[in-house]
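Next come the chains, spelled out residue by residue.
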Amino acid sequence: MNTDDTFWLTTISNVQTGCIGLASWMFFLIPKKGRNEFLGIGLMMWLSFTADIVSNIGWYTFRTNMNLVINIFNILNLPFAVIFYRRMIPWRHMNVVAGIIVFVHITFGIVSLFWIQGVRNINSYSYVLGALGITVLSIAYFFVLMSQRSESIVKLDGRFWINTSLLILNSVHVTHSIAVDYFLKTTDDDLITAWAFRNALGIMSAITIAYGFYRIRKELTSVR
Amino acid sequence: MSAEQNFWLEVAFGAQVFGMTVALAVFITLPNSAKRGFLELGMILLVSLLTEFLSVVVRLVYHENQNVVLNIFNVINLPLGVLFYSRRLNWKDKYTGWTLASLFVIAAFIDLFFIHGPRIYNSYSSALGSFGYVTLSIACFFSLVSKDSDSVLRLDGMFWINTSFLVYNSATVLLYVLTDYFTMVLKSNMIVAWMIHNFIGAAFYLLIAYGLFMIRSEYLQAQQLP
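Protein chains in written order, with our numbering: chain A, 1 to 224; chain B, 225 to 450.
A hint or two may mislead.
To be verified - Covered stretches of chain A, going by a simulated chain B footprint (3 or more residues, C-beta under 8 Å):
id, stretch
1, 138 to 144
2, 170 to 177
3, 189 to 195
Unchecked claim - Listing some non-contacts, in silico: residues in chain A with all C-beta distances to chain B over 10 Å:
id, residue
4, 18
5, 21
6, 22
7, 28
8, 29
9, 60
10, 63
11, 65
12, 68
13, 72
14, 89
15, 93
16, 99
17, 167
18, 201
To be verified - Examples of chain A residues toward chain B, derived with CB under 8 Å:
id, residue
19, 56
20, 59
21, 135
22, 182
23, 183
It is worth saying that the hints were derived from the structure and are not from the lab.
Model, not experiment: these values are computed from the prediction.
We treat Cβ as the ideally placed atom computed from N, Cα and C, and that holds for glycine.
Just chain B, same shape as in the assembly (with noise of 0.2 Å):
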């Protein structure tokens, strides 16, 4: 890993870190009711923040492989958001969203113990995970273009947030297939790789943060409404 790369990932994995805690804070600042209705949202910022806290310190201060922590937010990930989505959507049958989150923990576990193993990164787990946000939020898009909402309250916030899960997973889901590829085949670090990935990441979680940003002002303004 050349000086330069070496900076490029630390500048990308800084502004990724960035985006997480705005977007945590804004969360933080939402009224009570807009915080319940995206409590999900709020816990995949929480985990994603602790992730990369605690794969700094597993990396720095131990020196030891951070794949282990980045595998097991993968395995809660997906999950999370199907909770967040299926409130949205409304599924007839309140156990899908339920369901889709249990198979993926299922199917995530096997490629953790049985396939790639806890060390080496999950890239079939994530490219999954990747899949079934893309799913998801063109499902949502679908829901919010189609049908005439009962409310127009939290819709642009909402726009926002699944633009960004829409976005960043098609992008960053090629990535992922390409992972065992790239390191096993080209026998690359994958710094580049994953320099690009932290940089839409970044531009992911300021998004969200401007998402969540309206939908608190959307929050605000209802309150004083007469």
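Just chain A, same shape as in the assembly (with noise of 0.2 Å):
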């Protein structure tokens, strides 16, 4: 890693953590009778936050590897999606389904930690699943959305502005876990630039994030 890579990567990974944070305290902008439908995602971002400070504290302070927390944050970003999600796609037997997602997907995500990829290594195949079935949940979540388009547009922008950030941040993830942990095994190189292109997006989906948070409470102070 070279003096003007590292810099790079701090700074835009700084940035996303920023943005994080930004979007984490928009949400307890929400008036407090419309949050708990929101809360999946409020938790998503704080647990976000929290795993970016703690794993830079972490790195900085005692030079520790940052994968352990990243991982352990991995585990827990698909349930708080779910959570989200549970409420807002009406389906029959969705709560079935979301039990099944969260249980196959934490089993895997420790098993995986703990005696497939390690504790210290990205669990690539653990955040390949994660990132498939948000990106699925989200897909499922705008034919809703579609489906209820003539009822009321009220709440409607926020929430498309939610869902569209994860949907396009969970497909990328997909493809870039497969291949930094190809280019990981198979070459020398830290891929730096590649985590810093991951962190860039990351950024553009807090921002969005915030902006859906932004856009309901706007949408639910006017309603009052």
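Join these two chains into a complex; the hints should help.
Right, here's the structure in full:
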């Protein structure tokens, strides 16, 4: 890793942490009455923010491997997304489906963490599984939004932007995780550039989610 | 390139061509009125299939660099997508679609002749094209979910077509952005990256085929209504 690479990666990941922090804070601007509906996304943002802070402190202060924190974050990320989508997708048996998705993901995540890829390596397999799960859920939610389009436009805009952000981010994560895993195993490169691009996308995603929260706040306050 | 990698690359390529063929076959069976409505999508499918066919011929028969064919496809692909989406998005200015398509063609030609050159894969224009598709499909989703459309007909099929464009292009955009890095810095032959790309491509074309099939059913159902 040369100095230039380090500078850019550090800058981009710090900006990303800042944007995730902004989105986490925006969640609390949603009026209490409607906040419960978006609890899953709020938890996702807070979890992501905490994971970034903890892994950075671990690295800069104690020089500990950041991957442990990222792997634990990854195991918890999908269940929080499921909390959000379970409320939003009013399909029959949605609770059962949500339970199965969470159970499979957590079980596989723990198995991968301790027995397949290990605590100190990026758990790319469970990362791919989680990203695929969120991609499918967000497509299902778009379908729901489309079928509800004639009912009410209220609250639709904010949800739309949050869902778009999750869909794009997780579609990218699927291919990125597979490719990065392969190149990490087959080359000596630390793939700093690839991570920098991923974090740059994370910035856009966090800003879009923050914008979604802002729209939801605006819509809920104007309804009152 | 190991024999195993080669095998899986060919499998992924075959799966993608199969998906394209199925989608094109479903397009051909659409009623004429539907065919006119989705003409640009049909052209995208036809051009994609011809590109794959030509690239195989160039590679296996003439033992030449296939990137020239893929780069020309890149120049055509997004403009067709812009024209396809401009009908769905009902832009106020009728020249918006043509303007965007022309700007992209200019950028792609600059990449083709002055940046990467014809014999190296034009990853910048591919990335730009994917980014364009992502933007257009988000706009289309926004239009699908936020306004009470004048007709429910064709919405379900369009949903699946739009979903496939959004997921495929967001999944591949990062691969295109990182192509130069993988090939020049890591000295990779990109086999695994292309394999992933082609498998995602297979799913993309099959989803388009499903969308077109739904459109076909919707049109046929509408024709039977009194």
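query: Since residue 21 of chain A was said not to touch the interface, does its Cβ keep a gap of more than 10 Å from each Cβ of chain B?
result: 24 Å, holds
field: Interface-negative label, residue 65 of chain A against chain B, beta-carbon threshold 10 Å
entry: With a cut-off of 10 Å, residue 65 of chain A remains clear of chain B, as the shortest Cβ separation is near 23 Å.
Interface exclusion of residue 60 of chain A relative to chain B, criterion Cβ beyond 10 Å: 26 Å, holds
message: If we take the beta carbon of residue 99 of chain A, is the closest beta carbon in chain B still more than 10 Å away?
response: Since the minimum Cβ distance to chain B is about 25 Å, residue 99 of chain A lies beyond 10 Å and the statement holds.
Residue 68 of chain A remote from chain B - nearest C-beta pair above 10 Å: Residue 68 of chain A is indeed farther than 10 Å from all Cβ atoms of chain B, at 25 Å.
query: Hey, does residue 201 of chain A actually stay past 10 Å from chain B on C-beta?
result: 7 Å, violated
- prompt: Beyond 10 Å from every Cβ of chain B: is that where the Cβ of residue 89 of chain A lies?
  reply: 14 Å, holds
- request: Against chain B, does residue 93 of chain A hold up as non-interface, every C-beta pair farther apart than 10 Å?
  value: Since the minimum Cβ distance to chain B is about 21 Å, residue 93 of chain A lies beyond 10 Å and the statement holds.
task: Evaluate the condition: distance from the CB of residue 22 of chain A to the nearest CB of chain B exceeds 10 Å.
output: 21 Å, holds
query: Any Cβ of chain B at or closer than 10 Å to residue 18 of chain A, or is the non-interface label fine?
result: 22 Å, holds
- prompt: Going by Cβ atoms, does residue 29 of chain A stay more than 10 Å from chain B at every point?
  reply: 23 Å, holds
query: For the stretch 170 to 177 of chain A, does the count of residues with a C-beta closer than 8 Å to a C-beta of chain B reach 3?
result: Check passed, 5 qualifying residues.
Consistency with the previously given hints fails for numbers 17, 18, 19 and 20, ordered from lowest to highest.
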